[in-house]
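Asker: Protein chains in written order, with my numbering: chain A, 1 to 362; chain B, 1001 to 1916.
Because the hints were derived from the structure by calculation, they are not lab data. By construction, the Cβ of each residue, glycine as well, lies at the ideal position given by its N, Cα and C atoms. Hints may be right or wrong, so weigh each one.
Per label pair, the in silico range of CB-to-CB distance [to be verified]:
1) A:226 x B:1115: 43 to 49 Å
2) A:247 x B:1268: 23 to 29 Å
3) B:1241 x A:225: 52 to 58 Å
4) A:262 x B:1264: 32 to 38 Å
5) A:225 x B:1388: 41 to 47 Å
6) A:256 x B:1101: 55 to 61 Å
7) B:1705 x A:262: 52 to 58 Å
8) B:1867 x A:262: 31 to 37 Å
Just so you have them, the derived chain A footprint on chain B, three or more residues with Cβ under 8 Å [what the hints assert, rightly or not]:
9) 1628-1636
10) 1758-1764
One letter stands for each residue in the lines below.
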Amino acid sequence: MGDRLPGYDEMLRCTRCGYCQASCPTFDAAHDERSTARGLIQLLRGVTEGSVSFGAGVAMPLWRCPDCRACVQHCPGGVRIGEILASARRSLSATTLLPPSLQEVRAQIDESHNIQGIANTERASACVTSLPVPADEKADSVFWVGCLSGLDPDLRSIAHSFCGILSALDESVQLLGGEEWCCGYPLYTAGLPMEELISHNTEILRRRGIRRLITACAHGYHTWKEAYPTESVEVVHACEFLADASDAGRISWANLSAEPLLVTYHDPCDLGRKHGIYDAPRRVLAAIPGVELREMKRSRADSFCCGGSSTERVDLRQSDAIAALRIAEAESTGAMALVTSCPQCKRVLSAAATRAGDGSMS
Amino acid sequence: MIATHVFEELQRIVGPDYVLDTEEDLFVFGYDASLDRGDPDLVVLPGSVEEISLVMRLAHRYRIPVTPRGAGTNLSGGSVPIHGGLVLATTRLNRILEIDLPNRCAVVEPGVFNLALQQALQPHGYQYAPDPASQKVSTLGGNIGENSGGPHCLKYGVTLNHILGLEAVLPNGDVCRFGGRSPSASGYDMTGLMVGSEGTLGVFTKALVRIVPKAEGVRTLLVLFDNLGDAGRTVSAIISAGIIPATLEMMDRTVIDAVERATQAGLPQDVAALLIIEVDGVEDDLDEQINRITAVCDREGAREVRPARDQTERDELWASRRGAFGALGQLMPSYLVLDGTVPRTRLPEVLEGVAEIGERFNLPVGNVFHAGDGNLHPLFLFDPRESGIVERVRAAGAEILRLCTQVGGTITGEHGIGLEKITAMSLIFSDADIEAMRAVKRALDPEGIMNPGKILPAHREEAGMETPPAAETVDDLRLALPDVAWVKSTDEPEGDAANGTAPVLVALPKTAEQVARVLRAIDAAEMIAQVRPTHARAERSIGDTRDAVAVDLQRLNGILDHDIDNLTITVQAACTLSNVQKAARAAGQWLPLEVGDPEHATIGGILSDNVSGPRRLRYGTARDIVLGMEVALVNGEIIHCGGRTVKNVAGYDLSRLFIGSEGTLGIITAATFRLQPLPSAAATALASFEAVDSAFAYAQRICSSTLCPSAVQVFDDRSDGARPPGAAADIMVAVLFEASDAVVRRQLRDTQMAARDCGADVVDLPHGPPEVALWEGLTRSGGEVPEEEGVCLKASLSPAKLVEAWHLLDGVGGYRQACAGAGLLVARPVRTDGAAFNRLGDRIIKLGGSLVVYREGSALCRLEPTSVPIENARSAMQRIREEFDPKRTLSPRSCASFSGHCEKSGDALLAEESAA
């Protein structure tokens, strides 16, 4: 017997029916049996049973998997695929098999507390023009800016616009500035340790008396919900906040010019499949005058990954191929705009739409 | 191990990215959804037919085993590379190349997912009927290789019934084309042979699949039972009541429990079994069908009959059925699924037997299966960590297969033999049967490189039949077989000495065994066997001086078995069609075969010539209704192909090969058919048109509608006997409907409205004798003509090209009739000469069709398209014939052009003209 991987009993429950290939982005993009759930589980089983060596040939497909969990949705046996893969990644994280790109992001987070490796104090600046500065320190809510919408120049508009909305709604929130550290998503999905981040971020929230965390980042939402102890903090995604505000009549959409606009909505895996947030963004879209939503062939629980996640760092070519498939699907709806609730989905899909070329969709 | 230069050559052929050789890649291409696994030396992922051909040529040259693979979801180990070599995955060939609505077919590559085709057809209102539970992920190439079934196959038939043609690469690298859009390509039904051959005969590279309009309406019932036996009896009772639902699926308590844990679909947990019954078709009839089914269920003790309220409920039911196998992972880590098929009347006792075997082996067993087809899927659940468990599970599985065969069933209905059931082959096939399959394998894969180790058990010890000395004279023959009745042909009233085909001796065997012995003796004596009364095609080729001996089957004219409740019948070769129909009709059933002269036409003759009539549109041809066959071969063996169950994928489907083989491979001595319940009502919509084009436009419209016609014939009014009273215009279209009264009336109404739309006069045709006379006339005029009146021309084309072909035949005279849905066109009686025939044939070929001239029911010459893939296909057929009849003892001058003895083009006619 080789290394006895945790989750072996669960691996035995895979009957190799192959149904997990149905919506597997890595399979669709590369026809690579190794990167499907069935392939990975069989390989890991082989590792445990001693018939496969635990080397790069197992590790790379494992890192390449974007953890979109479409396979979980399609597995009739209810095999806990996510757990099997996560524990396998954890077993690999301390080895030399960790891809350089993941080592690099780990180093950056260690050093600067964000994924970009730049000054962490920059975080608040995206919001500065929209929020009264300093933000209300007595508020019991925090706007969790996130590394992407806080520090990525192309995505800062997300934090900026959302703060504008908060401000217009007189919603008091705290901003943590440089005290907000990366939530740890890239480490979490790669199975790397992130205790330091968790304890720091949790402590800050405790110290600031935060009861509610609002974020526009789907990765952040997922990480907080799944990896953090959140008994004392309610985690809210921006789209949920907007949907509630809109339903409560706090947003007067009527002032918007009702230009007809056909849109389609991409469910981020981190919000949809992982946390069941399907209706909130659609409630917002339904409230905007002139906007008509046309669903893609695969939506909601069947949504197809954008190619983002941490997998992008590991295999850019594959990520691009997945994104191209998703963009083609979006374009086939005839929509003029693709709407999503995740900065990473936005970035990856925007780039893919530009590459796809005709620029008809924004 | 693969040599380095072969590896490099493979990389050159498919590109370096598509030759996989890492440990992990080889590992994940070594399994399928069965319990077996193997280790390939390399995985290749070719991107085109050319690449596949080159890969196969290379493998052939170096004798490297090749295991074709689709999505690897099959359940019998068929895609497990047990002998190493190459795994050749066709997943990159995943385009839908064409959706041809006018001809109701689509051209797909093998890597297309079944569901992807369904989704592409959806907007057009069409579907591809076979729907294996794995349809989301299984590829069409794999479906075809396994002859996949699925819930809806009960009504619509299995994959075989939906494959019109194939492009395949043979083990030697030859690209072949089999079948096509026009219905009757010459030669053997290679498509029928390849479907279900589990990747052991070639690699599919394109498929031409039949598509059908989606049914107008559908109703789904969930029926709950407190007792498993009641559920089994209900299935049998529904079928024997002559109701054929679209699906009739069963799940037992174990499976319901697993599914419920996986999906929380809300299935009741306290029942012993449930049935999912679906009916579809013309809306008007569905409620009536549901009522009849409900009455049967109530009578047989169902606890509750629960109709699905809406599409969501329906989808949930089906999702739970489709996910059932995988859901068993909720209960136990692993399972072995069996796939035996039994006559439906035997279901209750077989289910009891399954439970008993489970108890005896101390294994939990679940059942989820296609009950309407009698296709069981007992699943033994186990934990592979328990020592010795796999052996115990396999032993229990073997018991189940034995049980199925004991009640007249077979060992696999849709999952295939693969690796898993090889040892069970001997339960249903004799050595001779398997040897005949080996002959086919040898013909196409002499080196044995194509998916080796599957389907066929390892070679038996050559027992060697004792070879008696060959007879040298006809008298020797008689002496050698004294128990057979012989007649000197001079004793016969009508010796046909004039054309040199008169037999010198006639054998009158009483049994199939005698037929086989006679055949072997004739073969050994280097004479020609002339079979009667089934076919008259034993003329010698020019230069052939062998004596002919007639084998007269007239004593083999009995009905051997009629399983009324299972709707099957087994008859001997010389039984006439009318006698079969008489027996069937007495039980409220009929055999959907039609010939012009049912009083004289024998079953053997109909099958070997593959005769069909107008109603083939709905019921298909012989290949679609034959379940099994008994055949005598020239080597003296009697083989059995198929069986008595409605689904059967065990071994090669040799019966497809014999159907339409014009007696060139063996003598059919008996056959088993699937019967149809007699329709409770029938009506004909008759319309007359002034313009040919509008008549065909109308016919096309009907064929493409959601209506369900049994026949759509276009004919001109010079018919002999088919001319209806009061017909004035030139072109008539008759559309036949057979169903319940309400449905017939509704369809008649719609059809007549469509006819008026297309500018026709609707002709009033009284029910009863005039209607019967019309269809008998139409069936008759598709057949023979007396020699003195001329010959008969038959063109076969894609349905959409019929109208052009009709115009091409304007000048030939005679009476014309087209089977509009199928693509057949007949003109008769016609007088033609060789040159005219060649000219006409060339034009028909330009339309993608073929043209045959028949004299007295025998094909005389044939013109058809040719190309390298078609020639390759002919050569493959040739090799099969070599295996079965190396001396050409049987039908030596059959016009099946592959035989090499057919006078191609109009040469035969020209030769006669010059002789005159």
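Asker: The structure should be examined with respect to each hint, and the outcome stated for every one.
Answerer: Outcome of the hint check:
1. A:226 x B:1115: 43 to 49 Å: Violated, since residue 226 of chain A and residue 1115 of chain B (Cβ atoms, about 32 Å apart) do not stay within the stated range.
2. A:247 x B:1268: 23 to 29 Å: Taking Cβ atoms as reference, residue 247 of chain A and residue 1268 of chain B lie about 38 Å apart, which means the hint is violated.
3. B:1241 x A:225: 52 to 58 Å: 56 Å, holds
4. A:262 x B:1264: 32 to 38 Å: 35 Å, holds
5. A:225 x B:1388: 41 to 47 Å: Roughly 46 Å apart at Cβ, these two residues keep to the hinted range, so it holds.
6. A:256 x B:1101: 55 to 61 Å: Distance hint for residue 256 of chain A, residue 1101 of chain B is violated at roughly 44 Å.
7. B:1705 x A:262: 52 to 58 Å: Distance hint for residue 1705 of chain B, residue 262 of chain A is violated at roughly 34 Å.
8. B:1867 x A:262: 31 to 37 Å: 47 Å, violated
9. 1628-1636: violated (count 0)
10. 1758-1764: violated (count 0)
Against the hints set out earlier in the document, violations occur for numbers 1, 2, 6, 7, 8, 9, 10.
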